[in-house]
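Visitor: Put the two chains together into one complex; each comes in its own frame, and the hints tell you how they fit.
Quick note, the sequences are listed as chains A and B, same order. Under the working numbering, the letters of the first sequence match residues 5 to 511, in that order. Under the working numbering, the letters of the second sequence match residues -8 to 459, in that order.
Rather than coming from a laboratory, the hints here were simulated on the basis of the structure. Any given hint could turn out to be false.
What the hints assert, rightly or not - Here are the simulated lysine to any residue pairs, SDA-like style, with alpha carbons at most 20 Å apart:
no.	chain 1	residue 1	chain 2	residue 2
1	A	LYS120	B	THR397
2	A	LYS229	A	ARG249
3	A	LYS252	B	GLN330
4	A	LYS234	B	GLN330
5	B	LYS331	B	GLN15
6	B	LYS331	A	GLU253
7	A	LYS286	A	GLU44
8	B	LYS331	A	GLY235
Since the model is a prediction, treat every value here as computed from it, not as a measurement.
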Amino acid sequence: MAIEMKVPAVGESITEVTVATWNKKEGDHVKLDEVLCELESDKATFELPAEAEGILHIVAKEGDVLPIGAIICTIEAGGATASVTVADAAPAAVAAPAPAAAPAPAAGPTSVLEVKVPAVGESISEVTVSVWNKKTGDVVALDEVLCELESDKATFELPAESAGVLEVIAQPGSVVPIGGLLAKITVGGSVSAASVAAPAPAAAPAAVVADANYAAGHPSPAAAKILDEKGIAAASVAGSGVGGRITKEDAMAASKPAAAAPAAAASAAAPAVAQGGTRREKMSSLRKTVARRLVAVKNETAMLTTFNEVDMKPVMDLRGKYKDKFKEKHGVGLGFMSFFTKAVCVALKEFPSVNAKIDGDEIVFHDYCDISIAVSAPKGLVVPVIRSAENLSLAGIESEVVRLAGKARENKLSLEEMSGGTFTITNGGVFGSMLSTPIINAPQVAILGMHNIVERPVVVDGQIVVRPIMYLALSYDHRIIDGRESVSFLVRLKQLLEDPARLLLDI
Amino acid sequence: MQEFDVIVIGSGPGGYVSAIRSAQLGFKVAIVEKYSVMGGTCLNVGCIPSKALLDSSEHYHNAVHSFQEHGIEIAKPKVNLDQMIKRKAGVVANLNAGIAYLMKKNKITTFHGLGSFDSAKTVKVTKEDGSSEVISGKNIIIATGSKPTVLPFIPVDKERIITSTEALKMKEIPKHLIVIGAGVIGAELGSVYARLGSKVSFVEFADSMIPTMDKTMGKELQKSIAKLGADFYLSHKVTSAAVKGKEVTVKAQDASGKDVEIKGDYCLVCIGRRPYTDGLNLAAAGLTADERGRIAVDEHTLQTSVPGIYAIGDVVRGAMLAHKAEEEGTFVAEVIAGQKPHINYNLIPGVVYTWPEVASVGKTEQELKAAGIAYKEGSFPFKALGRAIASGDVDGLAKVLADANTDEILGVHIIGARAADMIAEAVVAMEYRASAEDVARMSHAHPTYTEAMKEACLAATAKRSIHS
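Chain B on its own, in the form it takes in the complex (with noise of 0.2 Å):
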């Protein structure tokens, strides 16, 4: 039997770098993973291949609605779905390929196959044909992330009615879309089609899009994915869903108890993802996952109620995030060696990836209400900035919260073209407790969207930005 210091159960984002940082840190470790390619969810059928197609339809749509304001005319392009669809399975193969170059620069030793507890020290590798090996580790990192959830009344068949996997390998493009669920993903796949040509409509429980962010944000990103002339069927709930040939119906209530029907020709279920510890095993370690299906971890360490097992990831509470995986992967490394890693989770970014971007991290305007936080709000809109409208994406905002008595900023909001990267800035900000005035005294250079930043701390700091 093989022995490791470390084995990691699952190569998404958080167990490959838990296993990469393991090895930094000189253990022996050993990554398991159940499909044929490393990097889970994210990389797979997640993360990557959205923005792979995200950016695919954007190029589709720039060239339609904006090359000829631009002043560059060419034939009426065309959609090829096939060749999109090629060119994410190849980004994603690269990327594929890049993560087995990393366990194999970190000499870590890889494993094909089911991984479940054996013990709680040994892990049973099944593999494909049927064989199995068990191994043995002395820590065992559980990082099997989460799928999306479904819901019992919706009949997901795979083919007309989709999940998130099955939207990022369609053979055609949908003529009617319909999304419920207009969170994170829904909003991010949902607009995918939008700009490819599908009607797209939103069927949402709460009162908004991507409701867990600042209502701002949801606002602004409804108005702008309205454009690209989606339906929003928002407050509503949906009852039912069946298909008929190449039809789906949708049936849901409104907010007054009034019966709706849309009819479409797919329906994409996004409503959520719940963690996934199938095939695990976890009784064998003496392990149970709670009535969500996490695993219950100590705040400090992120061990599980087994000594010397942990979990990180979507599979435990928090956000199903890759890059809280991340953290968490070189936190739990960390503290197997010893060390006193820090996360600090009210800094994790929030990130959607729509076009305009949406990103966030700290409070929401809405939090800091609810907990009774005198705040001070500063604003600024990318219509008035140079940078935004020489590129021609004007739509979306910065929003900065500080604290009414001491300017320290306690959330941004970005709605806008590279939102997604500006709030790294935030980030820094935000981990060092700058004030708004902080950031509003950096300077930021021009042209560039980072700009919006700058001026939306001014505009908090004292309602003083310089180009509104």
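This is chain A alone, in the form it adopts within the complex (with noise of 0.2 Å):
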């Protein structure tokens, strides 16, 4: 009996994962609860463990990209395995004595087990049909790849969902939506030898286009002439009109598939070096979902970023004087960021919109700060939460940063621990960034960013005097917060940094 290992469901937003490593190989034995691999989505790495103990058979390639749901592997824990139903069902077929002779025989119970194009992604509407390992009237086994699809972001391999004879319907080359009919699986022993060679796929067609719906790909009268006008076939557009159908906006959208995209799915998963010395890699999961939110930030907000400067004498002094004690007290280093993260905290208490969102046509007030910090993964941004930090010490503040900074680095962080912040700080200041206008961590309203101290020549009691400056910018959505309140609330910030004794007072 094998048990069939799906996709876990890991989060709500989460539609996919990537398989990142197998710590297990193909045929190995595996005991209950062990690790067996690595999966990624766009937002956390997770671990998945056995579900039992048996013979490890893997689905999923690494580097695959799989639904929620999907089969990475089944572990077969008995004496029967699959390959013995494909023993027992092959002879029989190739036995079958009288192709003539119509399905009477079919004595058992038989059904049709219609194949159909997994979700495999959000906003992945249709695959190609790239390879079929198997052919029609051939007799397949549970889990055998039945055939290759490709989408625009990834190959991936389908998976018989049951042992039976198989009827291709979905041809090589051929787009299919998700949920498209790719196959059928006639399920049933001595069925599926007659229906080998009976007539039956011959009638199929007809059949084929009552499941399927038969105007998908249709294109409207204006969106086929747009189409025909690109040179696009209405076959490789997704239509996201009713049932399919292809609408104007599809083929305004739509854009000739690169001619070399064959070859770069053959090469696999391998990054293609193409002439003239470029470089084409598939984006990853969380590349991909960064550049999707950064877009419509920009598209759904009305961002704009307001600047100020700090001289960061007094807080550097203070660490200074402070830094060697703090280590030893809390067993972490005093860094600007607790000082900016407690200052923020008390600005957002005074500006609350700033520390607001906006839901539908009503804004949402947060009475607590969970500041969201920007810290450069291995594969990209992440952004930990820092919960309630207008509670924290200074020093809880430090561990709580090393803490998430360190997970991110390792790519460990939970969905749980980058979600539902409040507010962003984003320092760019550690790369030599002397300004820069950061964009909104949506759903939240602002995000301040940090940048290099540099010394400059500032004018101090009618005095031209040498001080490290830090330009501090606040990107802010103006919906909902005027010029004052941001710029106020940079002023604000401005303030507590260069007299810190103010944090302590609470003035």
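Guide: Here it is in structure tokens:
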């Protein structure tokens, strides 16, 4: 008896995961709860423990992108194996005596299982059938790989959901929408044998249409014209209209599939080196999510940035004076992050709209400060959250920063640790940025950009003096934060940081 | 010599639309029209004037037959045919002016005169006064339309034996009008005079009226027109027609070969139309017409065998319908502009402006049967329709044919009041490949004639119309 291991639901907004590494090999004997592999979502990495003891059969390869619920592997718990099923059925098929003999001998209960394109990801609406590993009439075993499907994002294999006789419906090269019919599997031993020879497949097309939406991929009159002018076949466009129809908008958005696409797919995941010294690499799920979200924020908010500068001398003096003692007592270094976080919390309390978010027609104000901190992780930007930072001491903040940054670097952050922030701080200064206009971390409405500290001549009490100066940037959503509030927020921050005693005295 | 990007020969619905679309696309356009007025057959001697007369005759018929029932009492109405024809002329003149205005608005240069090819790139315009002028065009669009077909053994004298053109300007109401050909034009004009009080006899070679349409339509239309007192000689082959004084004698053979003789005072010949390229001098452009007089064109571009010369409308293959010509007019202009437009010929609706009107789009039941396509049929009679009962227009039905497996609508055939307007819904639905159930699930205003369409779709979906 084989147990199918599927991609678990790991979070509300996560629809697909990438198989990062297999800790076990095909055929390995695995124990209950042993870690089989690591899966990556666009938000977090997690481990998949074995659900049973037995022999491992790997279905999804490293780098494969799988939808939630897709089969990753099977664990053969008992004696009967999938291969036995194949051995049983195959001779029967070969031995089927009279091809003309109608499906009459089909005595046992039979059923026809439709093999449809699984939902492989939120934004994927269609796949291209690249290769069939099995052909019509073949006897397939449970979980045997039937074909390879390509989406615009990844290539993946489709395992048989049941043993039986295969009838291929979508030919290689054809584009099938999610949920579209790829093949049928006739389940049932003797019947499978008969149906191999029976003329059933000839009659199939008529029945097929009844299942797959007959109008999927049908362009509207305007869409047809646009597609023709672009030289794009309707078959290569995913229709977003009713029943998969191609709308004018779909046609306008459609772009010609890169001519090199098949070649790129053939060379699998390996980055293909093209002519002219360019290199193509598939975007990771994380990168794609980051890209999508950043663009969405730019498009959907009224974002702008206000600036100010902070004389860092007081904070630096304080830090220089106490950093050793601080480290001794708290076991964590005293950085600038804690001062900024603390000051931000104070300012947020005074300007609640900066600590809010928009939900439909309403503004949601938070009476707590969950501060997201942008951290550069190996695979890209992640934003873990310091919970209720307003209640933490400077030491408490510093240790949270250290803990979260450490996990980020190891790709160990949980989804929980990255969700629900109310305001974000990003520090481009660590890379030497002098000034930037950060993008809001939606659904938040403001983000503070820290920058490098540079000694600059400034005028203090009528004298030009040299002071360590940091420029601050606050990008905010003008929809709910007015200029007065955003500017005042930044001024308040400046005030607190230039006179840190205020933090202590709460003034 | 004046030079143009596009020269359109013919200002019918194909030609003038093509000219306007070309102008919209930024081309310098000329249009050449043989007659002094714009609009071609459709506007001058076809669609528009026949509709004007159809409506006039319908009003008269209502005044005579329906007013009393509606509770309107008037003195016995009388037909003033002169006024009817005058009104029709007014309607036509109004629209003539409209097209002239559109040409001006779109800065299209109009040439009145007979256009003929001088070469593949030049057109000679011979004016009424005999003078001529040659203009050149990078692209030339032939939109010269069609003329009524005549049979060699039927001597059309345009007095007693007439074509549709003369039937639109009669001096008197015929006592007995013999209509040869019960197709679209024959049915329309025959019913005009039947309503004005003429005895009308239809002689048709096929076994039904409007034989190219779905059989149900022909059957229903015949029932409706028969109520006007018309006679039908179906499956009859006309052998001769002769005029003697004020009497026309038409001889025909019935299906069994038996001779039939019909006597009347007028005979209207409506056996079809032929592509019209007379005087166009195709040879100068290096073109020839096929054995049926049509100009061959490339399916994807409507370009003729000579690059830069295109042909649209009645002069090319396909249905001889104004709206088909219009689509092709737009199509060609866009092709010339380098665009890639589409025309779905299967979804060009066919309409017969009798009363009740007949309209259809897509496949007929006979076509589906012949093609071996499994279909479902759903019909709904107007007599079960609130709006139709209220108006008193209860003749007719809507019939929807849908794919037996997918429920996709494959054909819609409507006979009844406003059918011509109702068919637009079917065209939209079919362009988007809607299923019968899709339409059945869309709200249709009540009480309207369009509810017949919804009900027929319900019937086609699963025999579940609500009101029958």
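Visitor: None of the hints should be skipped; say for each whether it holds.
Guide: Evaluated hints:
1. A:LYS120 / B:THR397: 18 Å, holds
2. A:LYS229 / A:ARG249: Holds. LYS229 (chain A) to ARG249 (chain A) sits at ~14 Å (cutoff 20 Å).
3. A:LYS252 / B:GLN330: 16 Å, holds
4. A:LYS234 / B:GLN330: Roughly 10 Å between the alpha carbons, so the hint for LYS234 (chain A) and GLN330 (chain B) holds.
5. B:LYS331 / B:GLN15: This hinted pair holds, its Cα atoms lying about 16 Å apart.
6. B:LYS331 / A:GLU253: 17 Å, holds
7. A:LYS286 / A:GLU44: 15 Å, holds
8. B:LYS331 / A:GLY235: 9 Å, holds
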